[in-house]
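Asker: Protein sequence lines, in the order shown, are assigned to chains R and X.
Each residue of the first sequence is one higher than the last, beginning at 1 in my numbering.
Each residue of the second sequence is one higher than the last, beginning at 1 in my numbering.
Warning: the hint list may mix true and false statements.
Where chain R lies over chain X, by a calculated footprint (3+ residues, C-beta under 8 Å) [said to hold, decoys possible]:
id: 1; segment: 75 to 82
id: 2; segment: 198 to 208
Some chain R residues near chain X, calculated using beta-carbon distances under 10 Å [as the list claims (entries may be wrong)]:
id: 3; residue: R4
id: 4; residue: I15
id: 5; residue: G139
id: 6; residue: R143
id: 7; residue: G176
Hints in this document: simulated from the structure, not taken from any laboratory.
Since we're looking at a predicted model, the values are computed, not measured.
Cβ atoms here follow ideal geometry from the backbone N, Cα and C, with glycine treated the same way.
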Amino acid sequence: MRLRRILAITKARNIEFIRDRSALGWNILLPLLLVLGLATIFSGDNQPLYKVGVMMAAESAELPTGDAEPLMNLRFTQFVPEFDHDRAVRLVERHRLDLLVDFEQRRYWINSTSPKGYSLERMIAGLPGVALERAVVTGEQTRYVDWLVPGILGMNMMFSCLFGVGYVIVRYRKAGYLKRLSATPISPAEFLIAQICSRLLVIMVVTCAVFAATEWLIGFPVLGSHLTLLAVALAGAVAMIAMGVAVAARTTSEELANGLLNLVTWPMMMVSGVWFSIEGAPAAVVWAAQCLPLTHLLDAARAVMLDGASLMQVADHLVILLLIGVGFLCFGAWSFRWRDV
Amino acid sequence: MNNERVALSVSDLRKHFGAVEAVRGLSLNIRVGECFGLLGPNGAGKTTTIELLEGILRPSSGTILYLGEPLGDRFRREAGIQFQHTALQDFLTVREHLELFARLYPRARPIAEIMERCALGELAGRDARKLSGGQRQRLLLGIALVHDPAVIFLDEPTTGLDPQARRNFWSLVESIKADGRTVVLTTHYMEEAYRLCDRIAIMDHGQIIADGTPRELLRRHFAGAVLSLPLADLQRASIDLGNWRVHQDRAEQVVDDLEAALDALRVQGVGLQHLQIREHTLEDLFIELTGEALRA
Chain R
1 MRLRRILAIT KARNIEFIRD RSALGWNILL PLLLVLGLAT IFSGDNQPLY
51 KVGVMMAAES AELPTGDAEP LMNLRFTQFV PEFDHDRAVR LVERHRLDLL
101 VDFEQRRYWI NSTSPKGYSL ERMIAGLPGV ALERAVVTGE QTRYVDWLVP
151 GILGMNMMFS CLFGVGYVIV RYRKAGYLKR LSATPISPAE FLIAQICSRL
201 LVIMVVTCAV FAATEWLIGF PVLGSHLTLL AVALAGAVAM IAMGVAVAAR
251 TTSEELANGL LNLVTWPMMM VSGVWFSIEG APAAVVWAAQ CLPLTHLLDA
301 ARAVMLDGAS LMQVADHLVI LLLIGVGFLC FGAWSFRWRD V
Chain X
1 MNNERVALSV SDLRKHFGAV EAVRGLSLNI RVGECFGLLG PNGAGKTTTI
51 ELLEGILRPS SGTILYLGEP LGDRFRREAG IQFQHTALQD FLTVREHLEL
101 FARLYPRARP IAEIMERCAL GELAGRDARK LSGGQRQRLL LGIALVHDPA
151 VIFLDEPTTG LDPQARRNFW SLVESIKADG RTVVLTTHYM EEAYRLCDRI
201 AIMDHGQIIA DGTPRELLRR HFAGAVLSLP LADLQRASID LGNWRVHQDR
251 AEQVVDDLEA ALDALRVQGV GLQHLQIREH TLEDLFIELT GEALRA
């Protein structure tokens with residue numbers, strides 16, 4: 001019986017979404033246009049600065065000064081602390097770091113196919129007092145657009161999850177539709193599960209369609225398993241839909257809901273790594289980003305797509321996403337109100 | 001009263017909204033199979049009371065029993081509700097709305113039967129946002145009936161409808177009454193209450209100030225008849241209007257002895273060519289009890 005009620009509400013919400021052509025169009029067209037536009041703008045381009053990874057012994061340690069290590073005096077170069085050697089070498093392989101240096105080992109790594117790595121190596125050779133052993137890695141360059149695609153798809157999922165559930169519930173409540181439902185045997189939990197199922201279905205279908213369309217139009221590598229990627233997307237969507245439920249649990253004003261949802265989505269868009277990597281950002285920003293579901297969704301999706309990570313290798317992100325989802329869902333169900341009293 | 005014959009039993013019901021007491025110690029019994037009307041001016045507490053009876057609001061104190069039990073799952077399954085203002089889901093057709101609500105209950109009537117009963121057949125595929133006021137109310141009634149409820153709550157169901165749509169809706173409610181279902185109705189229209197309700201309760205300031213069958217109440221509060229004359233005819237004869245109720249270009253007076261009143265008017269030289277005599281109505285009673293006219 002409960003399943004019957006959940007399916008009835010899920011079906012009704014799906015019909016509403018599909019027939020609302022403007023919303024449907026917006027959900028599909030926006031990410032597609034963004035990817036295509038940015039692919040054009042950044043075609044064949046990389047980030048403007050040199051990026052050098054510096055191996056550090058501990059997270060509390062500080063980057064060496066230019067006095068101690070003359071290499072640190074290089075201009076137009078961003079120095080990024082790295083703590084995991086294997087990961088840092090992979091970044092060099094993928095051209096996401098132009099060079100990696102370990103001052104303790106007195107060694108540096110470059111990618112033999114990286115023009116920037118070559119330039120940096122020439123500059124280092126011209127610096128006095130720099131004596132480092134050279135190590136060469138190889139690997140295909142990660143284009144900016146390849147790195148960007150998961151970001152844009154994730155961002156679109158975020159907006160769709162939060163506004164598609166949170167804003168809709170508040171609209172239902174304000175219009176009195178929830179009050180009408182409260183007069184039926186359906187429980188808050190059944191109603192919320194139906195909203196989540198409906199949005200999950202819509203998001204997965206839309207995201208898969210946009211993913212397939214962009215893959216066909218511009219082509220990008222997926223080194224890992226598509227199924228793993230699907231699992232990552234599902235976990236991310238659950239976490240962000242649950243956030244939307246929590247925001248809408250008892251909000252009665254559409255304006256307030258809009259403000260709260262913007263308050264949640266904009267910081268996520270800025271610090272979760274949609275447009276650019278937050279490596280090298282202040283520690284507080286990096287720490288804050290780790291609390292946000294979009295960060296874990298994007299980190300896991302990029303690991304699968306660009307580094308070929310397996311399900312086990314992204315399991316930590318999935319666990320965090322599911323914990324976030326369960327936490328917000330429990331809060332939303334606990335605080336949910338059918339009407340504004 | 002035999003408890004088995006009582007559908008809803010309300011005892012010392014109170015509801016506070018902050019410092020405001022919207023319902024003040026209300027008690028009443030609604031019998032199985034009757035149509036019970038709740039009347040009152042705006043702000044009297046009608047909607048709060050009916051929402052308490054529907055289980056939508058929780059009372060601050062007091063008890064509400066449905067067939068002798070506190071409002072619970074059984075009540076939720078057996079109650080059909082038509083709110084005063086109900087939004088429906090966007091983009092769903094009439095049939096889809098009925099199907100949606102039918103699936104929320106353990107058992108439901110066939111959709112075709114509900115559509116036929118509420119004259120929705122030709123509207124089955126229409127987007128609910130594109131219905132007229134009367135059509136929309138019929139759909140909302142259909143939704144309230146879809147699970148074959150034993151008790152139906154109608155909160156001002158005909159407010160805003162044109163006279164024809166209102167009369168069509170009354171016919172529907174009469175057919176529901178004929179099924180033996182219990183109907184609880186709030187309304188602004190005295191004619192509606194008089195036609196549909198077996199018993200009525202008049203509320204003011206959160207309390208019931210009179211209850212009974214419409215005829216009982218009129219008999220209890222009025223004797224005689226109401227005389228109505230053009231205001232100009234009375235003024236021409238220099239009649240003191242202190243005992244008359246003036247409404248636009250006519251004046252009305254309640255009289256116990258009709259013959260004596262007519263003789264007195266003739267003696268005072270009032271022309272009786274445009275005289276109208278009528279029985280008391282619920283509107284008269286309402287004004288008598290609450291001191292104000294009903295406002296839609």
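Asker: All the hints need checking, so say for each whether the structure fits it.
Answerer: Here is what the structure says about each hint:
| no. | hint | in the structure |
| --- | --- | --- |
| 1 | 75 to 82 | holds (count 4) |
| 2 | 198 to 208 | violated (count 0) |
| 3 | R4 | 6 Å, holds |
| 4 | I15 | 6 Å, holds |
| 5 | G139 | 50 Å, violated |
| 6 | R143 | 41 Å, violated |
| 7 | G176 | 5 Å, holds |
In summary, the structure is inconsistent with hints 2, 5 and 6 from the numbered list given earlier, while agreeing with the others.
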